[in-house]
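> Please build the complex by placing chain R on the supplied structure of chain V, with the hints as guidance.
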Amino acid sequence: MSVKTLVQLFIVITLCISPLSTVAAQSVYKIGGIFSSTGRASFLGDPEKRTMEMMVDRINANGGIDGHPLEAVIYDSEGDPAKAVSAVNKLIHRDKVLAIIGPSTTPTTLAVVNFVERAKIPLISCAAGIKITSPVKPWVFKTAQSDRLAVQGLYEHMRAKSVKTVGIITVANSFGESGRDQLISLAKEYGITIVAKESFGAKDTDTTAQLTKLKKAAPDALICWGTNPGPAVVAKNVQQLKIDIPLYQSHGVASPKFIALAGDSAEGIVLPTGKILVMDQLLDDDPQKQILQDYRSMYLSAKAGAVSGFGGYAHDAMTLLVAALKGSNGDKKQIRDRLETLENHVGVTGRYSFSPKDHNGLSASAFVMVEIKNNTWNLLTP
Amino acid sequence: MEDLLQYLFSGISIGSVYAVVAIGLSMLYRSTELINFAHGEFAMFGAMGLVTLWGQLKLPLPLAFVLTVAGVSMVGILFERFAIRPVKDPHPISLVIITVGASIVFRGVAMVVWGKDPVAVPSFSSHGSIEIAGAVIVPQSLYIVAAALVLAGSLHLFFRYTLQGKAMTACAVNKKAAWLTGIPSSRMGLFAVLISSGSGAIAGIFIAPVTMNTYDMGTMLGLKGFCAAMIGGLGSLWGAFAGGLLLGILECFGAGLISSGCKDAIAFVLLLLILYLCPGGLFAQKQADRF
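Chains V and R, in that order, are what the protein sequence lines are. If you count the first sequence from 1, position 350 lands on 350 in our numbering, and the numbers rise without skipping. If you count the second sequence from 1, position 246 lands on 628 in our numbering, and the numbers rise without skipping.
Extracted from the complex, chain V is given alone in its bound form:
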């Protein structure tokens, strides 16, 4: 027998056997993941993808869910709505998954919402945009805190500091625009007047022109709403222009990367953030403390880099999904109904209580205020 026939024989045999292996693994619960693990939003998608993989491995090592092992099919959306749509179609039609976790960003999530609604597959998004769950869509949930909660936390802090007027500078993308809308719509409730509104491009290297305008309006405080690296540029420029108005940032910069980028100019900045940044400073009776520390040790043991709240969104999506999958027999309608009735489910991000009217399930307590001091985060007591 020549080598060539041997190779052919090998191929034929593999082809015959491989369908058998799928038959044997039929009781697998297949779940999908769509994360922007590369591209501009990779700081979100990469930890989310790693977290999902770690969680699946851990659940399988513990015997799966009701005896069914989990299988994750994960696609990379590259932060591109078009790629997210093709990924969701693959997950629905080819992989036939029970539920989907992700996508990582608001634009990619909004792009796939209609597809999962039509296919009636539960989706737990890891993106923050309030438009994802408001108005409520029956099959769509999300684990990240809405901007609205962050704005409430921030304004409450400002009211305590008797800040009356603010100037806002927001990044010109969906994160910044959503933040801007919430800042404007909630201001009145907290007795705050917005005296100047500016924006900057996500890739801008200089924002001094906008800051000069804000300085002229002389507000009590400045609020910058954006994700890295733009807000670091704003922080640097505020220092360069010698503006002595206190600068507040959003939860979008709540990662050690911001301090690395902004350097000295980060000193004294106050921002709302999830509890993950300051988990060791939390009181011991905080129910999230244990979960946060467990998540950190799992993430660090995989040597995947520093732990972040972004991966936490995927962590919570997984624990929520697992809770809903238990006893569901793999029925999508049941998974959805169980998700909707989950109450007081404590996760890394906060405490979830879903209802038919609320598919985010978090309250303003998911945020704490921190101040950057000596290159680290300091929990401010409310």
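Keep in mind the hints are simulated off the structure, nothing from the lab. Mixed in with the good hints there might be a few duds.
What the hints assert, rightly or not - Now the in silico label distances, taken between C-beta atoms and shown as ranges:
id : chain 1 : residue 1 : chain 2 : residue 2 : range
1  : R       : MET493    : V       : LEU186    : 32 to 40 Å
2  : R       : PRO442    : V       : GLY268    : 30 to 38 Å
3  : V       : SER174    : R       : THR563    : 54 to 62 Å
4  : V       : SER174    : R       : ILE514    : 36 to 44 Å
5  : R       : HIS509    : V       : ASN62     : 53 to 61 Å
As the list claims (entries may be wrong) - Listed next, the stretches of chain R that the computed footprint assigns to chain V, with coverage defined by at least 3 CB atoms under 8 Å from CB atoms of chain V:
id : region
6  : 391–403
7  : 590–604
Ideal placement from N, C-alpha and C gives every residue a C-beta, glycine not left out.
Frame of chain V, contents of chain R only:
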């Protein structure tokens, strides 16, 4: 009044970045008629090289500077040797497409080598910002302006007064005729890419402290640099310098006086207007006496 001065200074800060990138782009066009869309990536390599050598390995700044420029020039040589020269029919369109492809490859390589997170490096000197009549400018911006001036000036002298420079100009005017007079035209092309990628690296090195450095920063730099070169008139070194500053200043006055939401739009509408009124750019000479 104070605000207007600040907008001007901010415009110079931003514009100097565009200008220093535009000079290398314009220089390559002048000597090979090639528009290199991978030029921004050379600047990115320069910035990232500085981040690694100076920011992380803590080499002395001059050494890091020389090593980075040399390294990026090597990349430029490889790029010319393996991507530009083997093209059988060097039609401008196919060459431009090759440079676009190369820029994607460079971005991909940089993403693997340096990762996806932005990194910052400190300014070259630790002076605080300089205050003039209530408006503020950062010293690093002045260094960038100086780098752009020196770059444009030395390239200008090189083309005007050295044999090598004149030979390169000759190749650009007519490759075949230059070859007939004994100028090795393919070596001149290589030399042009070498200088251009080196000046791209210098641009990146000077920009690195004022911006956040990521693997994909080259796209924006290349695009804005290209606009700046267009405003000034492609092929004109001083035009590229002036075009860069003008674009930056327009953006800042647009942001400051009208609205920051549409500052890019304002700058680009003005750009279209300039190109409509004088299609060759502000400083374009007639084709015949360009050289």
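> Indicate, hint by hint, whether the structure satisfies it.
How the hints compare with the structure:
no., hint, result
1, MET493(R) <-> LEU186(V): 32 to 40 Å, "38 Å, holds"
2, PRO442(R) <-> GLY268(V): 30 to 38 Å, "33 Å, holds"
3, SER174(V) <-> THR563(R): 54 to 62 Å, "59 Å, holds"
4, SER174(V) <-> ILE514(R): 36 to 44 Å, "38 Å, holds"
5, HIS509(R) <-> ASN62(V): 53 to 61 Å, "59 Å, holds"
6, 391–403, "holds (count 6)"
7, 590–604, "holds (count 7)"
Checked against the numbered hints above, the structure violates none of them.
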